[in-house]
Structure formats: C-alpha cells, structure tokens
Amino acid sequence: MSGSGRKAAIVGVAESDLGRTPDKTVLQLQAQAARAALDDAGLGFGDVDALFCAGNWAWSPNLMLAEYLGLQPKYTDSTNIGGSSFEAHIGHAIAGIEAGLFEVALITYGSTQRSDRSRGSVPPTYNLTQQYEGPFGLPNPVGSYALAAMRHMSEYGTTNEQLAEVAVATRKWATLNPKAMMRDPLTLDDVLNSRWVAEPLHLLDCCLVTDGGGAVVVASAARAAHTPKSPVWILGHGEAHTHNTITNMPNLAVHGAAVASGKAAFEMAGLTPSEIDIAEIYDSFTITVIMTLEALGYCGRGEGGAFVAGQRTAPGGAFPMNTNGGGLSYCHPGMYGIFLLIEATRQLRGECGERQVQNAKLALAHGTGGVLSSAATVILGKD
Amino acid sequence: MPAQIPQPTIDSDSREYWDGLAQGELRIQHCTACSHYVFYPRSICPHCFASEITWVKAAGRGKIYSYTVVWQAFGRFAEDVPYVVAIVELDEGVRMMSRIVGTPPEAVKIGAAVQVTFEHFDEGVTLPYFQLTE
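Chains as they are written, first to last, in our numbering: chain A, 64 to 446; chain B, 5 to 138.
Don't read these hints as lab results, they were simulated from the structure.
One thing to keep in mind: the hints can contain errors.
Unchecked claim - Pairs of lysine to any residue residues, derived as SDA-like cross-links and limited to a Cα-Cα distance of at most 20 Å, are as follows:
| id | chain 1 | residue 1 | chain 2 | residue 2 |
| --- | --- | --- | --- | --- |
| 1 | B | Lys113 | A | Asp446 |
| 2 | B | Lys67 | A | Met216 |
| 3 | B | Lys61 | A | Tyr219 |
| 4 | B | Lys61 | B | Thr121 |
| 5 | A | Lys292 | A | Asp446 |
| 6 | B | Lys67 | A | Glu366 |
| 7 | B | Lys113 | A | Glu218 |
| 8 | B | Lys67 | A | Asp446 |
| 9 | B | Lys67 | A | Tyr219 |
| 10 | B | Lys113 | A | Lys292 |
| 11 | B | Lys113 | A | Gly220 |
| 12 | B | Lys67 | B | Tyr41 |
As the list claims (entries may be wrong) - Here chain A is said to cover these stretches of chain B; the calculated rule only asks that three of the stretch's residues, wherever they fall, bring their Cβ under 8 Å from a Cβ of chain A:
| id | region |
| --- | --- |
| 13 | 73 to 84 |
| 14 | 93 to 103 |
Quick reminder that beta carbons are idealized off the backbone N, C-alpha and C, glycines included.
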C-alpha cells in the first residue's frame, strides 16, 4: 500500500448505548464506549497516552473527561470543527504517531442532546459574528443546509426526489442494523410527503436527534502488531474549513471544504475515488451527501442527484454507502463523525453481519461539520 | 408579553452598522487597500488582510442568492412561520442574511431583485429586511 502506508492503524472501535439514554451522562457514555473500544483493541486505559475528544459539555472537554476516566495523557487534542472533528482527530493522531509523540490514541465522543432536549432553543442574544444572522430566525443547522440545497437545485436542477433517494437507501441499510433507531421501511413518497422543516428540506431529509457516544483507538504500527484483530490502516487523511456562517460559504452549491479534504486524502493514500469499496459519508441532511459525493470526485458538479438515483447506494446497489443506516436512520447525537469511522472499520474487518459488504478492502469515511463549514476525509484499508 | 426578538450584542466592530440601521441606512465596509466591499463588519479585510477599512452607505439593492421557507421555528420566531430567510447579494458584491417580506413565500425566487426595508422592533433593534422590487 502507498501513501501513509502502515504507520498507524485503527485497532479498536465501539459505540456506547445509543438512541435514548436518559439515565446516562456524557461522561458515562464515553467511559462505556472507551472501555469497549479498548477491549476490542486488546488494550486497557493504562495503555492510552493521547486523548482526542470534541464536545460542548465543559469549557475544556478534555480536562473533564481525562480526569473522570483517570487518564493523564501526554498528548491532548480537543479540535472541534463540528461533526467532522473525529476524522480530523485521525489525521492529527497519525501525525503525532509518525512524529513519535505517542503510541496509543483514544478518540471519544458522547452526547445526551435528545434527553436534554437541547436542540431547538433560541438564545436571547447573539454576539460576535452571530449577530448578523441570528436575529433573522434561521433555524440552524437545518436552515443553512436548506439554503445550500435551494441553491444547488437552482444551479443544477437537483430535485426533491433525488434527495429522497438518499433517505430511502439509507433506511434500507438501517433495516439490516439491529442498533439502528429507525428500521421501518421507507418509500420515496414517505419522504416527499413528510412535512417541510425548511424548504426544500422535508422532515425525512433530516438526520435523527439521538443520544449516544463512540470511541476509536488508534495505535502505532508497532503496537498494532500485537492487537487481537487485524489492524485497519490509516492510508490517507485531509481536512479543511472554508467558513463558519452559511452567508459566508464561498459557493453554496459546492462543498468546498470537502473538495480540499478529499483531494488531500486521496493524494496521501495514492488512490482514486473509484478504487474505494465502501463510502461512509456524513449525512446530516440528504443534501449533505449529494454535495459531498460531487466534492470527493465520485461525479461531476451538479451530478450528485443523478448519481444517487435508482437506489444506487442501497444494499445490493453499485455504490454501498452509509452501511450502518447513517445519521438519517441509525443515530445522530449532534456530532456524528465518530460513527463513520466505527462502521468503516467494522466493514473492513467483516464484522457487519447482514449488512456486510463482501470483499471490502478500502473504505472512505468523510465528515462534514458546521453548516458545510468543515470537512475531514479518512481513507482506510486492510491487509 | 410575547418573547422578544433575539438582540445583537453590539460591539466596536458592529456599532456603526446597528447605528446606521436605526437611522434608516444600510452601512457596509470598504477596503481602501484592495477596493473590495466587506460585510459583515470587521477590523481586517478578508480579501487582502489590510486594516484600512472604511464605512460606506450601501445602495440597499441586490438579488436573492438563495432562500428557504422556514416552517419549523423556535422561540419568538415560531409565531412567524412560514417565513422566508434569504441570503441577499448586494449590488456592491457582498452577501448578507435577511428576511424577504411583503410577498407570499411562493413568489420568492433565486435571482429576484430586492430592495432593503427597515423593520423597527419595540425592543429598540432595527433589522434590514428586503422586499421584491418588481
């Protein structure tokens, strides 16, 4: 294998309880996921020398979580660029491992946003750069994605039916995943007849609002050689951000951050999009997927809608994507990126039961954060 | 008493902007180093990184760059649904978020010409909304 080769690997992955976890705190969810991921890796908390997390449960999430877990890491990274943070953490972890700064990195996330009902409130004031958007009442993040979708439709003729194809295909994968929250079959008409949230996005174009957590363990090649399961090598990584507020997105019809992160990741890996067997693509909204597929080079600009038509990304389709049921149907606890890595790893290991994609050797996990603001792409491969 | 419209926390970047709105003027910035217009207000030009930023009065005309019709809203905004939030591209070349008012949502189109209108709220804040000009 080329690119970053076999210098660092994902050696353990796990979720915490998902869905509704009213009796659990974000710290408990992360302790649960971290313990399970370390078990999966054949390692213990005492092996961890670097901690990566992103969250908003404390002014310094890393300090609170490390103390709670009893960790005193010699390297720490709380990069928070939204849902793509964990794909960024992977890149930062391989850089640190290659530099010899640490050997075993624990990446965690947890959220109780559903039980907290923390979505959907309006703050009484807006400060700094938020004051130029907040008073107009755009519900975020959905309203910002709606603005991008409307522009994409206007420039390229993308249709609501094409957006719905993503939701329906993703639900088909969820029906094969016992951990998915929404497992009832879904039709295109179900999506198109669901109520508007912010035009042109219907309710079923939007991800779930769930609780949940996850953890990923990254180890140096030397440590990965002694873990019980086959290492999943990190072959490529790229990250970028282009804006914070949707008004300042350079082009609302082009996911510019993903263009940059995808290009960097494929270059590092020495691979092209067509060589990837499985794609786990951040699906906060159906439009996110379509714009990301274009940005990564799976199709031309404006061709994302046609690309996903005909249930191409569903089980049995030509392009297996979001094989756990995605943020649209499996879980979405505020920031979803860590679950992309968990599913890509399990698919490459062949642990996915009914939803297993056969003979998958290369996987892509792509996170998108904020309001199409940030992106980080990770390319994974097995021996 | 209905919930209040969220208030901006006015700072030394934004005071000129909010003062202008209260007086019925849409003020944006202009970089004298690279001649780009700049919005939102700030202390550095995001195009050339110069700090020579001056204030100018915008003409208040532009086009709808994108929009959404909001059907699910929270707090004070819930009573307004459905309403149109848009990104307007001003003739000066900068984009700003706003509402499109005075027309049914289905009449709103990307590319439509719009003109600023100033909406004064009881709480003392004035927001720049836009109306279709046809």
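Outcome of the hint check:
| no. | hint | result |
| --- | --- | --- |
| 1 | B/Lys113 - A/Asp446 | violated (53 Å) |
| 2 | B/Lys67 - A/Met216 | holds (17 Å) |
| 3 | B/Lys61 - A/Tyr219 | violated (35 Å) |
| 4 | B/Lys61 - B/Thr121 | holds (14 Å) |
| 5 | A/Lys292 - A/Asp446 | holds (12 Å) |
| 6 | B/Lys67 - A/Glu366 | violated (26 Å) |
| 7 | B/Lys113 - A/Glu218 | holds (12 Å) |
| 8 | B/Lys67 - A/Asp446 | violated (54 Å) |
| 9 | B/Lys67 - A/Tyr219 | holds (19 Å) |
| 10 | B/Lys113 - A/Lys292 | violated (55 Å) |
| 11 | B/Lys113 - A/Gly220 | holds (14 Å) |
| 12 | B/Lys67 - B/Tyr41 | holds (16 Å) |
| 13 | 73 to 84 | holds (count 10) |
| 14 | 93 to 103 | holds (count 5) |
Comparing the model with each earlier hint shows violations of hints 1, 3, 6, 8 and 10; every other hint is respected.
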